[in-house]
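Peer 1: Spelled out, the chains give:
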Amino acid sequence: MRRTFWWAAAIAAATALGLLGIRVQAQPSDTIKEIERYREALADGNPAELWEARGEELWKTRRGPRQASLEACDIGKGPGVVAGAYASLPRYFADVDRVMDLETRLVHCMVTLQGFSPAETTRQVYGAGTKRSDVEALVAYVTAASRGVIMDVPMHHPKERAAYALGERIFFFRGGSHDFSCASCHGDPGKRIRLQDLPNLTDRNDAQRAYTSWPAYRVSQGELRTMQWRLYDCFRQQRFPALEFGSEASIALTAFLASNANGGTFNAPAIKR
Amino acid sequence: MPDPMRIRATIQDSQATVRVLMSHEMETGQRKDSAGNVVPAHFIQSVVASHNGRQVFRAEWGPAVSKNPYLQFQFGGAKAGDKVQITWVDNKGETRTDEVVLR
Amino acid sequence: MRPAGVSRRTVLEALGSLAAVAAMPRHAFGQTAGAAAAGIQWNAAAFNAQTVDEALKALGAGTPAPTTEVSWGSTPQIAENGAVVPISVSSKIPGTDAIAIFIEKNPNKLAANFYFPEGTAPALSTRVKMSESSLVHALVKTKDNKYFLATREIKVTLGGCGG
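Residue numbers (our numbering), protein chains in the order written: chain A, 1 to 273; chain B, 274 to 376; chain C, 377 to 539.
Just so you know, the hints here were simulated from the structure itself, not pulled from any lab data.
Virtual Cβ for every residue (Gly too), placed ideally from N, Cα, C.
Errors might be hidden in some of the hints.
[As the list claims (entries may be wrong)] Partial list, computed: chain A residues near chain B (C-beta under 8 Å):
(1) Ala43
(2) Pro47
(3) Ala53
(4) Gly129
(5) Thr130
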């Protein structure tokens with residue numbers, strides 16, 4: 001009687017794990033090969049370029065109540081310097097005495113240089129078809145100027161180190177209705193959800209590969225998606241409360257992930273499923 | 274005014290390879306928005322490419338072509354300095370023409 | 377406050393509504409692809425056809441002979457997402473002047489039609505939407521109005537959490 005019960009429990013547990021989609025074994029190699037071929041075929045024409053072009057125009061056009069362009073915006077390498085800037089973000093900015101990622105810095109520049117209100121700049125942070133996001137386009141333009149650059153996120157200032165430490169705590173923090181942490185999916189090797197291999201973000205190689213492929217044109221979204229969006233969507237899938245755009249938590253988590261990717265070659269905007 | 278296309282054209286042995294990225298929603302007319310309303314069909318129906326004024330390629334598209342369409346085709350008799358012009362027209366009659374000089 | 381954006385739910389809805397639409401009886405559709413814009417050539421009958429046979433008839437293709445003289449190039453056999461499936465087709469049949477792409481399981485079978493004047497390679501690459509795993513056909517037309525059909529299976533999957 002007891003032996004039957006034990007087997008039933010084991011089968012129930014295996015089914016539960018199966019329903020969660022967490023597999024331990026590797027995928028069959030033909031499937032992996034065909035998926036690689038799919039990704040290669042996509043790489044040849046990346047709609048992200050349409051966002052890059054729009055972002056360049058937004059950067060260079062005089063806009064807002066102050067009728068100024070963003071060409072004096074300092075994203076870490078000096079006013080107007082776009083080349084290589086993303087590879088050293090997030091970072092501490094003395095003029096605001098805090099750590100900022102690219103999105104928050106762009107909002108800061110749109111407010112201080114162009115005179116937009118914070119509410120105006122964040123009204124549509126994530127694009128939806130004809131409802132476009134200026135921030136997404138600007139991110140595409142700025143990140144494209146870091147293609148081929150080695151990730152070099154600074155960790156000197158005490159606030160930069162504090163942001164990293166907070167980001168690390170968030171990464172391992174279990175919560176929400178499903179008791180998930182980022183580490184539940186991204187803290188061990190060999191995990192996947194259905195056909196999607198999950199990068200182990202505690203491993204430097206995986207962390208480099210993952211972080212340097214965002215922002216990306218997400219085919220399933222039909223939109224260019226940024227790191228802020230990626231984290232927001234992870235929180236949603238973890239059944240966490242919504243991750244606020246530009247929040248301290250979002251910047252801290254980005255600082256943790258970006259710094260862990262140091263040494264990797266930035267290769268975005270990319271294109272993904 | 275619709276967004277510009279991104280056109281890239283390369284020549285090898287007088288054979289030009291043209292790659293185009295178009296900015297277009299390519300709505301099928303079968304999708305519903307979050308309020309439950311059908312999003313009307315809005316998709317590119319015609320694509321025409323010409324080389325130094327001569328038509329070298331034509332396509333008729335249905336709504337099954339992906340959003341932000343990608344297209345690649347090749348034609349011969351090309352040399353540096355030649356002009357390639359591409360025009361698309363969608364089912365609402367909106368249109369966009371862009372041009373590139375072969376290098 | 378939740379920022380606006382396209383959610384997984386919307387994508388699933390889109391795919392779901394495509395599937396629901398595919399399951400509906402033919403007469404419920406009418407002209408789902410609509411009419412041509414003014415001043416362009418666009419075969420409305422072919423694009424509105426609900427079966428491959430209807431579309432072939434509207435194109436004047438009759439019963440095309442099966443062929444393997446078509447290269448599918450970098451076309452993958454698995455697509456991680458049905459919204460964007462790369463298709464590369466190149467015809468090795470001499471005198472090819474048009475290639476049409478059909479997706480068997482889509483509600484409207486004809487996806488696109490490509491015409492190649494003299495001097496243009498009978499080849500194309502583009503990306504199509506597939507509502508589910510399906511056979512994909514390339515209809516080749518030659519200058520002397522002969523038709524051939526090449527077929528390939530492409531599996532469509534949803535990766536990750538579907539979002």
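Peer 1: Next, verify each hint and record whether it holds.
Peer 2: Verification of the hints:
1. Ala43: violated (11 Å)
2. Pro47: holds (4 Å)
3. Ala53: Hint holds; Ala53 of chain A Cβ to chain B Cβ min 7 Å, cut 8 Å.
4. Gly129: Constraint on Gly129 of chain A satisfied, holds at 6 Å.
5. Thr130: holds (7 Å)
Of the numbered hints given earlier, the model fails hint 1 alone.
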